[in-house]
Amino acid sequence: LLLLSRRAGSRLLARLAPLGLLVVAMALAAFTPAADGVAQVGALPPLALPLALPSLDAALWLALLPPAALVALMAFVSSLAVSESLAQRRGEKLLPAAELRGLAAANLVASLSGGMPVAGSFSRSILLHEAGSQSRWTLVFVAAFMALALLLLAAPLAHLPKPVLAATIVVAVLGSFTLRHYVEAWRYARAEGLLMLAVTATVLLWSVGAALALGVAGSVALLIQRTARPHVARIGRVPGTQHYRNVERYAVECQPEVVGLRIDESLVFTNARGLADAVLARVREHRARVGEPQRVLLLMGPVNHIDVSGLVALQELHAALAAEGLRLEFSEVKGPVLDRLRAIGWLERYDVSLYLSHHDGIQAGAHELRASVADHDAPGQL
Numbered sequence: 001l002l003l004l005s006r007r008a009g010s011r012l013l014a015r016l017a018p019l020g021l022l023v024v025a026m027a028l029a030a031f032t033p034a035a036d037g038v039a040q041v042g043a044l045p046p047l048a049l050p051l052a053l054p055s056l057d058a059a060l061w062l063a064l065l066p067p068a069a070l071v072a073l074m075a076f077v078s079s080l081a082v083s084e085s086l087a088q089r090r091g092e093k094l095l096p097a098a099e100l101r102g103l104a105a106a107n108l109v110a111s112l113s114g115g116m117p118v119a120g121s122f123s124r125s126i127l128l129h130e131a132g133s134q135s136r137w138t139l140v141f142v143a144a145f146m147a148l149a150l151l152l153l154a155a156p157l158a159h160l161p162k163p164v165l166a167a168t169i170v171v172a173v174l175g176s177f178t179l180r181h182y183v184e185a186w187r188y189a190r191a192e193g194l195l196m197l198a199v200t201a202t203v204l205l206w207s208v209g210a211a212l213a214l215g216v217a218g219s220v221a222l223l224i225q226r227t228a229r230p231h232v233a234r235i236g237r238v239p240g241t242q243h244y245r246n247v248e249r250y251a252v253e254c255q256p257e258v259v260g261l262r263i264d265e266s267l268v269f270t271n272a273r274g275l276a277d278a279v280l281a282r283v284r285e286h287r288a289r290v291g292e293p294q295r296v297l298l299l300m301g302p303v304n305h306i307d308v309s310g311l312v313a314l315q316e317l318h319a320a321l322a323a324e325g326l327r328l329e330f331s332e333v334k335g336p337v338l339d340r341l342r343a344i345g346w347l348e349r350y351d352v353s354l355y356l357s358h359h360d361g362i363q364a365g366a367h368e369l370r371a372s373v374a375d376h377d378a379p380g381q382l
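Residues 1 to 382 (our numbering) make up the sequence shown, in order.
No lab work stands behind these hints, which were simulated from the structure alone.
Since we're looking at a predicted model, the values are computed, not measured.
It cannot be assumed that every hint is accurate.
[Said to hold, decoys possible] Think about it this way: if two alpha-carbon atoms lie no more than 20 Å apart in a straight line, the pair counts; the simulated SDA-like pairs of lysine to any residue are:
#	residue 1	residue 2
1	K334	A319
2	K93	Q134
3	K334	E292
4	K334	H359
5	K334	E285
6	K162	L28
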């Protein structure tokens, strides 16, 4: 019946149908034997707010800290996921910091009355969205109606069949579920599509906590797998321009004496070990297909950060190239990265040439324009 009401085309009917079904189900359960053997909500707890400060036992707090931190993480992640889903539907901007402050305030108030941990409810949020909620005042009215229901409707609500209540929630949630996102993820990146399916199945068959752990572990594993080896592209000049592109994707020109390479990743601990091998492999390709080089010019524009492991990898690369009689040179280094290199005198120590543009580096001689950026006093953003 709920599905038929949604397909009838009338928004008013779709919104009122769940309420009507609940009223009819409660009446049948209360006055007829139709609900015999069917699980019902049962007696509701009394409306009471035993306000009191929580126990200030330090030992108890320390014992509860690890599980409380896990519960807080799960509450924030699940609430953020719900908020992001609804924000995308409505074209609204999500503010994670505001969500965190709201959750913190709600849980602080709940702690004063012995309440359960507070988090964003996916099913309730979808129900409110399907009902046409547009204002934050909706939750205030929901809380007021819940209080009135506990005071005035406790007896009728006790006869509410649980399957009917569950059906209203499931039908509302089904309206937000679409296979399109899974299909797009599968086509775009199969590993991420499989992870989405696995997390969804874990939520349905196990628990939200297990799904959260699987999602975090899987995402970290995919991130490490993607960044384990830095992508190093051999690039050449597009004829008639000063643009440089991947030789495997474009018809470009390469000069024998210089190997033009583009580092497409930040150099961090996850991928630093593979830098020298990747660069030397490209040098061998250039030597076999173009000619004997004298210099290796790295286009560093895509590199947003170099950590200590990345710096060590650059030093090892410099030594490996020097052993083959090749100079190491940089072009288009970003300002923050350049500031760090200059702060320790790395460019001067290893006599690394530096160019404002990659085209300048390709056209320059072995030492021309080498200090044009390294000697510049203003850090800037390149």
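Hint check results:
no.: 1; hint: K334 - A319; verdict: 23 Å, violated
no.: 2; hint: K93 - Q134; verdict: 14 Å, holds
no.: 3; hint: K334 - E292; verdict: 29 Å, violated
no.: 4; hint: K334 - H359; verdict: 16 Å, holds
no.: 5; hint: K334 - E285; verdict: 27 Å, violated
no.: 6; hint: K162 - L28; verdict: 13 Å, holds
In the structure shown, a violation is registered for the earlier hints numbered 1, 3 and 5, in ascending order.
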